[in-house]
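S.K.: Please model the complete structure; the sequences and the hints are all you need to start from.
By the working numbering, the letter at position 311 of the sequence shown is numbered 307, and the numbering carries on one by one without gaps.
Treat the hints as calculated values from the structure; they're not laboratory data.
Glycine is no exception: its CB is placed at the ideal position from the N, C-alpha and C atoms.
Be a bit skeptical, because a hint or two may be false.
[Stated by the list, open to error] The following label-pair restraints were derived from C-beta to C-beta distances:
hint, residue 1, residue 2, range
1, Leu132, Phe46, 19 to 29 Å
2, Glu16, Glu133, 43 to 53 Å
3, Glu88, Glu271, 14 to 24 Å
[Said to hold, decoys possible] Computed list of lysine-lysine pairs in BS3-like fashion (alpha-carbon distance at most 25 Å, straight line):
hint, residue 1, residue 2
4, Lys89, Lys65
5, Lys4, Lys175
6, Lys186, Lys298
7, Lys178, Lys248
8, Lys34, Lys59
9, Lys270, Lys4
10, Lys65, Lys329
11, Lys267, Lys48
12, Lys119, Lys178
13, Lys247, Lys175
14, Lys325, Lys109
15, Lys65, Lys127
16, Lys289, Lys340
17, Lys34, Lys2
18, Lys248, Lys52
19, Lys89, Lys267
20, Lys325, Lys23
21, Lys104, Lys119
22, Lys56, Lys327
23, Lys247, Lys298
24, Lys59, Lys147
25, Lys65, Lys327
26, Lys289, Lys48
27, Lys327, Lys159
28, Lys119, Lys147
29, Lys147, Lys175
30, Lys4, Lys23
31, Lys89, Lys248
32, Lys186, Lys89
33, Lys127, Lys329
34, Lys127, Lys7
35, Lys60, Lys267
36, Lys327, Lys267
37, Lys59, Lys48
38, Lys52, Lys4
39, Lys241, Lys325
40, Lys340, Lys298
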Amino acid sequence: MKIPEKEKFQKNPLTILQSEAVFSALKKLWENNHLNVKNPEEFVLDFFDFLKSNPKSSEKEIKKYYGQKLKEHSSDDIDTDFKQDMFLQLIEKDLEGIGTVLDFGCGKLAFLKNIAENNKEIKNFIGVDPKSSPALENLDPRIRFERSLDKIEATSVDLVIVKLVLHHLEEAEIIKVFKEIKRVLRPDGKLIIFEESFFDCHPGPAPASLAESRRGGDPGSNESLGLSQGVRFRVKPGMTDINNKIIADTKKYLDGSGLELAEEATSEFLKLSKEEKIQFLFLNDWLMNLQNKYMPWTLNYKSMEEWESIAGSAGFHLVESHFLGAIKKRKRKQGMTVVLKFAK
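M.R.: In structure tokens form, the structure reads like this:
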């Protein structure tokens, strides 16, 4: 994203709603993320009409209006039990045989506590966050909290998880974090990254089937990261056949973890250009984090290929990657997520 455009969106994120394509895709995502209210379509339309009609609204005003509408549309008759953590569901197999887990950007330690509660055999958990101030009273004795990665002993961690954090960091910080993660990981350690991300778009024809694509390759070449297991192919904006293959592959992968893809919302996102996808991810993220005053907004949303390249420059190699899209019956703070798994 060009600097002038980036600064404009940082100053007033609501200007993004001037894009009809982004506006339409966001509405579909929010309808999916608010299935536990009465008439999600009406609720989302009311909220976004307010945003479009009041583009200079303060964060406080937006938060207040959202809360009012949420209260108006709430119902005791609707199932709101969406408590199961989809991220934990997706890494259950990766936790097998692990001795020490580190969560970088752990926030209030909620995710790490969830992992600890469901994995009594894991001996050590480390939460690292330079900004958040989690409550440390009555903490599981296996969990410790640190402010920075340089407090962690070298080659002492089996698995590092970075969940929806990297896009909030400045470029120099991102490079530093990858290098520090490599330092703390054991030789056979693993890195799992969850990010708000997407496939990059390159001109050129797509292969007839994903099976024709190959593993590996240079992230900077004409081939781009594909659907899973390091598969690669070329994506062109508006290519319905490729988008359908992405949807099919994502559904299959999520089904293995007991998760269900929100097809319509995901499909709308896939139709966007790269710049529109970045705008989409930023505005959605910003709206869902209005209460987090410490949250930095760098707009460093990158494609899966770009994240692979950055990790590669720090000495990691990709083991597998998956576009997750939008998932049904999840918590409201959901965007378009991917998972990338690396080995040291």
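S.K.: For each hint, tell me whether it holds in the structure or not.
M.R.: Now for the hints, and whether the structure bears them out:
A hinted range of 19 to 29 Å for the beta carbons of Leu132 and Phe46 is inconsistent with their spacing of about 39 Å. Distance hint for Glu16 and Glu133: a CB-CB separation of about 49 Å, consistent with the stated range 43 to 53 Å. The supplied range of 14 to 24 Å is broken by Glu88 and Glu271, whose beta-carbon atoms lie about 36 Å from each other. Taken as a hint, the Lys89 and Lys65 pair is broken in the structure, with Cα atoms around 40 Å apart against an allowance of 25 Å.
In summary, the hint linking Lys4 to Lys175 is not supported, as the alpha carbons are separated by about 32 Å, beyond the 25 Å threshold. With a C-alpha separation of about 21 Å, the suggested pairing of Lys186 with Lys298 holds against the 25 Å cut-off. Restraint check: the Cα-Cα separation between Lys178 and Lys248 comes to about 31 Å, which exceeds 25 Å; the hinted pair is violated. The suggested pairing of Lys34 with Lys59 holds, with an alpha-carbon distance near 19 Å, which does not exceed 25 Å.
Among the hinted pairs, Lys270 with Lys4 is consistent with the structure: their alpha-carbon atoms are about 18 Å apart, no more than 25 Å. Among the hinted pairs, Lys65 with Lys329 is consistent with the structure: their alpha-carbon atoms are about 17 Å apart, no more than 25 Å. Restraint check for Lys267 and Lys48: satisfied, since their Cα atoms lie roughly 22 Å apart, inside the 25 Å limit. Distance hint between Lys119 and Lys178 is fulfilled; the C-alpha atoms sit about 21 Å from each other, no more than 25 Å.
Restraint check for Lys247 and Lys175: not satisfied, since their Cα atoms lie roughly 34 Å apart, outside the 25 Å limit. Distance restraint check for Lys325 and Lys109: the Cα-Cα separation of roughly 22 Å lies within the 25 Å cut-off, and the hinted pair is therefore satisfied. The straight-line distance between the Cα atoms of Lys65 and Lys127 is roughly 31 Å, outside the 25 Å bound, and the hint therefore fails. Among the hinted pairs, Lys289 with Lys340 is inconsistent with the structure: their alpha-carbon atoms are about 34 Å apart, more than 25 Å.
Restraint check for Lys34 and Lys2: not satisfied, since their Cα atoms lie roughly 36 Å apart, outside the 25 Å limit. Note on Lys248 and Lys52: the hinted pairing is violated, with a Cα-Cα distance of about 42 Å set against a maximum of 25 Å. Under the criterion of a C-alpha separation no larger than 25 Å, the hint pairing Lys89 with Lys267 is inconsistent with the structure, at around 32 Å. Proximity of Lys325 to Lys23 is assessed by CA-CA distance (about 16 Å); at most 25 Å being required, the pair is judged to hold.
The suggested pairing of Lys104 with Lys119 holds, with an alpha-carbon distance near 20 Å, which does not exceed 25 Å. Between the alpha carbons of Lys56 and Lys327 the distance comes to roughly 22 Å, so the proposed pair stays at or under 25 Å and holds. For the proposed pair Lys247 and Lys298, the alpha carbon gap of about 23 Å is at most 25 Å, so the pair holds. Taking the CA atoms of Lys59 and Lys147, the gap is near 37 Å; set against the 25 Å cutoff, the hint is violated.
Restraint check for Lys65 and Lys327: satisfied, since their Cα atoms lie roughly 17 Å apart, inside the 25 Å limit. Distance restraint check for Lys289 and Lys48: the Cα-Cα separation of roughly 23 Å lies within the 25 Å cut-off, and the hinted pair is therefore satisfied. Between Lys327 and Lys159, the direct Cα distance comes to roughly 15 Å. Compliance with the 25 Å bound is thereby established for this hinted pair. Our distance criterion of 25 Å between C-alpha atoms is met by Lys119 and Lys147, whose separation comes to about 19 Å.
Restraint check for Lys147 and Lys175: satisfied, since their Cα atoms lie roughly 14 Å apart, inside the 25 Å limit. Taking the CA atoms of Lys4 and Lys23, the gap is about 22 Å. The hint holds against a cut of 25 Å. In summary, the hint linking Lys89 to Lys248 is supported, as the alpha carbons are separated by about 17 Å, within the 25 Å threshold. For the hint linking Lys186 to Lys89, the alpha-carbon distance of about 12 Å falls within 25 Å, and the restraint holds.
With a CA separation close to 20 Å, the supplied pair Lys127 and Lys329 stays within the 25 Å bound. Between Lys127 and Lys7 the alpha-carbon distance is near 22 Å, which keeps this suggested pair within the 25 Å criterion. Our distance criterion of 25 Å between C-alpha atoms is broken by Lys60 and Lys267, whose separation comes to about 32 Å. Taking the CA atoms of Lys327 and Lys267, the gap is about 24 Å. The hint holds against a cut of 25 Å.
At most 25 Å may separate the alpha-carbon atoms for a hinted pair to count; Lys59 and Lys48 meet this at roughly 15 Å. Only pairs whose Cα atoms come within 25 Å are accepted, and Lys52 paired with Lys4 is accepted, the gap being roughly 13 Å. About 23 Å separates the Cα atoms of Lys241 and Lys325, which keeps this hinted pair within 25 Å; it holds. With a CA separation close to 21 Å, the supplied pair Lys340 and Lys298 stays within the 25 Å bound.
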